[in-house]
Amino acid sequence: MIEGQPFFDVGWLLDNLDQLARRIGEHLLVTVIAVVVGFVLSFALALLIRRYPPLYAPVLALSGVLYAIPSIALFVLFIPITGLSLLTAEIALVSYTLVILVRNIVTGLRGVPADVIEAATGMGFSPGEKLWRVEFPIALPIIVAGVRIATVTTIGLVTIATLTGLGGLGYLIVNIGIQRRFPTATITGVLTVVILSTLVDIGLVALQRRLTPWSRARGG
Amino acid sequence: MDFLGQVWAWYTDPAHWTGSNSIPLRLWEHVSLSLVAIAASLLIALPLGLYIGHTGRGARLAVGISNIGRSVPSLGWFGIVYPISTGLLHRGGIGFVPAVIGLVALAIPPIVTNTYAGVADVDPDLREAGRGMGMRELQILREVEVPVALPVILAGIRISVVAVVATAPLAALVGGGTLGSFILQGLALDHQVRVFAAALLVIVLAVGTELALAWLQRAAVSPGLSGGDASGAPMPP
Amino acid sequence: MSSSPDPSAGRAGAVVALEHVTKTYARGSAPAVDDLSLTVPAGEICVLVGPSGCGKTTTMKMINRLIEPTSGRITIDGDDVSAIPAVELRRQIGYVIQQVGLFPHLTIGDNVAVVPRLLRWPAPRIRARVDELLELVGLDPGTDRGRYPAALSGGERQRVGVARALAADPPVMLMDEPFGAVDPIRRDRLQNEFLRLQAQVRKTIVFVTHDVDEAIKMADRIAILQRGGILAQYDTPDTILANPASEFVERFVGADRGLKRLSLGRVRDVPMLEPVLVHVGEDRADARRRLALTDELDYALVVDDRERPLGWIDAGDLAGSGPIPAEAATPGAPTVEPESTLRDALSAMLGSSVQLGVVVDDRDRVVGLISVDAIGEVLRAPVRGADGPLHPVDGAAS
Chain A
1 MIEGQPFFDV GWLLDNLDQL ARRIGEHLLV TVIAVVVGFV LSFALALLIR
51 RYPPLYAPVL ALSGVLYAIP SIALFVLFIP ITGLSLLTAE IALVSYTLVI
101 LVRNIVTGLR GVPADVIEAA TGMGFSPGEK LWRVEFPIAL PIIVAGVRIA
151 TVTTIGLVTI ATLTGLGGLG YLIVNIGIQR RFPTATITGV LTVVILSTLV
201 DIGLVALQRR LTPWSRARGG
Chain B
1001 MDFLGQVWAW YTDPAHWTGS NSIPLRLWEH VSLSLVAIAA SLLIALPLGL
1051 YIGHTGRGAR LAVGISNIGR SVPSLGWFGI VYPISTGLLH RGGIGFVPAV
1101 IGLVALAIPP IVTNTYAGVA DVDPDLREAG RGMGMRELQI LREVEVPVAL
1151 PVILAGIRIS VVAVVATAPL AALVGGGTLG SFILQGLALD HQVRVFAAAL
1201 LVIVLAVGTE LALAWLQRAA VSPGLSGGDA SGAPMPP
Chain C
2001 MSSSPDPSAG RAGAVVALEH VTKTYARGSA PAVDDLSLTV PAGEICVLVG
2051 PSGCGKTTTM KMINRLIEPT SGRITIDGDD VSAIPAVELR RQIGYVIQQV
2101 GLFPHLTIGD NVAVVPRLLR WPAPRIRARV DELLELVGLD PGTDRGRYPA
2151 ALSGGERQRV GVARALAADP PVMLMDEPFG AVDPIRRDRL QNEFLRLQAQ
2201 VRKTIVFVTH DVDEAIKMAD RIAILQRGGI LAQYDTPDTI LANPASEFVE
2251 RFVGADRGLK RLSLGRVRDV PMLEPVLVHV GEDRADARRR LALTDELDYA
2301 LVVDDRERPL GWIDAGDLAG SGPIPAEAAT PGAPTVEPES TLRDALSAML
2351 GSSVQLGVVV DDRDRVVGLI SVDAIGEVLR APVRGADGPL HPVDGAAS
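Chains A, B and C are the protein sequences, given in the same order.
For the first sequence, position 45 (counting from the first letter as 1) is numbered 45 according to the working numbering, and the numbering increases by one without interruption.
To convert a position in the second sequence, counted from 1, into the working numbering, add 1000.
To convert a position in the third sequence, counted from 1, into the working numbering, add 2000.
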């Protein structure tokens, strides 16, 4: 910190609101891509596991190891192949969402009571109708709980992705704050990440309540 | 020379094994920084978690701290701590202290949460049985609550240790050295071999730590207790 | 066996006395236990029973100071418990709770050894004591000592809980619904086992239950508490059943208290009738003549060559002459043992056409007959028990 400089420079913040908005936009875009792609892949994996249950154990073991890989390492690992690109970062981010989402989707679908499935079969639902109209809605609270964790986690991780030149709020924390010894930017970045995580989490809870009015505020 | 060959060459280059930017030195920085941070967080978090779990006092505080702790990105801790500590210490370049503080802040919440939750979840009948047989409060804690909660407590410590080892590379940003220095240097110089080689080292170190702790955890828990579970994993470090 | 002391030669029970004990949880609220005075004689089982909220558990926990009384005095062999440091006191009082509370991280042996270790007994003494106790409660020290609680059945866990409470040979044991968490069949077995054990160790036991039948079965004396911790009656089970002190007690013990009293009596306590025994292969005329000699019985009992009962036969079936075949007996004579309760005997007899029970010994040989009338006599008789009821003490401990 440079002598005489205030710990938090409100003037800088007001002057740079446009940059803050842009960084938030970048941050959210990277996050949304990771969560959406991660969700689609996880759902496909979960359906595969539902079809072939023995797959679950190795998938869990693999994801346990994956989760232990430091994010900074995973972010840079694919640079030799995919370069300093969005794709490189998304590979790492999506990998982490898979760890969380596959487990929650499988748990959610497995938690659907057998008698409910039997009743649906008895009423003549086709396997596809059963999945979409019975099992998926009942599993939704647990699935949304997974999406919440995955999203909040991803928002945190994207700050590190800034090291590979992706921008986002990590740019304020590292490139302006730490590297230029300017705490205002760091604090702005960190607080924005925390607020963003909280708001997105609250939003997802609200969404879940709308989607599953029969299970008030459960899951998570 | 193919890419992996270059990586191998980087590892085996004698120049990378001596001096102020050598693999052994960076590894030592990494390990010592991690050990100091873990020791400090255990000293703070374990007594706090045990106290909250045994007495039930301050549980809300613990949950609040850990929730905030989880939503602050690991990088954020360095970002917050660095300006404060350099301001207090009036030193610009030495990053060991802010690096330790950042890692401690990161490591405390899982240990506090798991220790508190593990102890608080011990079957009240066991506590009552111990008290009824004439155990003192500290004896109940030491001989009943801690051993019974051990799987959960160890799970929390394991999460924290792995998080510390995995986040230590980011300490390079605040002058903490570690294997992360190679990654930052490589990124700055667009030297992909160095980035990749260092990333592999970091991965081996973190995954190795995780596997070693998993083994230790199994070995340390009484066979009378079937495996407990962690109460919530934080974001990947 | 080993040179370790026989547990039956250990410390026998001590007198536990409560004097005007009151417990009020919050200032100004109604007391949970109200001016309670009772004395448990050494070596007896006192069962505290009553509806929920009657303060029975609170009363018990005040004895080992898990709960401190608001006023009044509790003594063990005359020593005021409040003068003994709580931790020290508890190490001298066995404690068994409903969920047993075995420490899951310790082996069975280490669980039993908890209090001896707290008391810093030398290791060889602890080891000998653990094995002795496991044997005493019917477990095999060799195989069970090293097992963990998770590997035990509910009944085994309960036995380990009792062994653990007995470990330091305490003169007093507190048991809080100790058999409440096991199924009725196992509970019955555990209760019997425990009564046999108590006959050896003669501890003073304060036993809490909400189950009147369990109270009647286990108790030397029952203290019936009513809501607000008021002692409604304190007496032997037989007296309480025969002469309930109040309408509350009468309702609490149930409308079938007459039948419950029957479960206190044993077949051996009732005068038996001499049966007319007829052996298979015996001549009909002989048998007929002997049956005619008695006017108490209309039936003869056919037995095999080892005196085991086969069934009844009446004078009509004995008409004519020649050897009596085994098939001539009408099967269905209910057999009871001298140790059977009168309640079980009555129930068996009511189910048979001839309302007589055949009392047999442990080799199924006929000992005598018991009649429904004889059991009825017991119900009409005054309260048994020579020592008489022990009423709550007033003032100083007796």
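Treat each hint with caution, since some may be false.
Said to hold, decoys possible - For lysine to aspartate or glutamate, the following EDC-like pairs were computed, each having C-alpha atoms within a straight-line distance of at most 20 angstroms: (1) C/K2260 to C/E2068; (2) C/K2061 to B/E1137; (3) C/K2260 to C/D2373; (4) C/K2260 to C/D2298; (5) C/K2061 to B/D1002; (6) C/K2217 to C/D2169; (7) C/K2061 to B/D1121; (8) C/K2061 to B/D1190; (9) C/K2061 to C/D2035.
Said to hold, decoys possible - Pulled from the structure, derived: some chain C residues nowhere near chain B, Cβ distances all over 10 angstroms: (10) V2114; (11) R2164; (12) G2254; (13) S2321; (14) G2322.
None of these hints come from the bench; they were simulated from the model.
All figures in this text were calculated on a predicted structure; none of them were measured in a lab.
Think of the CB as a built atom: it goes at the ideal place given N, C-alpha and C, for glycine as much as any other residue.
Hint check results:
no., hint, in the structure
1, C/K2260 to C/E2068, "violated (36 angstroms)"
2, C/K2061 to B/E1137, "holds (17 angstroms)"
3, C/K2260 to C/D2373, "holds (17 angstroms)"
4, C/K2260 to C/D2298, "violated (31 angstroms)"
5, C/K2061 to B/D1002, "violated (78 angstroms)"
6, C/K2217 to C/D2169, "violated (24 angstroms)"
7, C/K2061 to B/D1121, "violated (23 angstroms)"
8, C/K2061 to B/D1190, "violated (73 angstroms)"
9, C/K2061 to C/D2035, "holds (16 angstroms)"
10, V2114, "violated (6 angstroms)"
11, R2164, "violated (8 angstroms)"
12, G2254, "holds (30 angstroms)"
13, S2321, "holds (73 angstroms)"
14, G2322, "holds (71 angstroms)"
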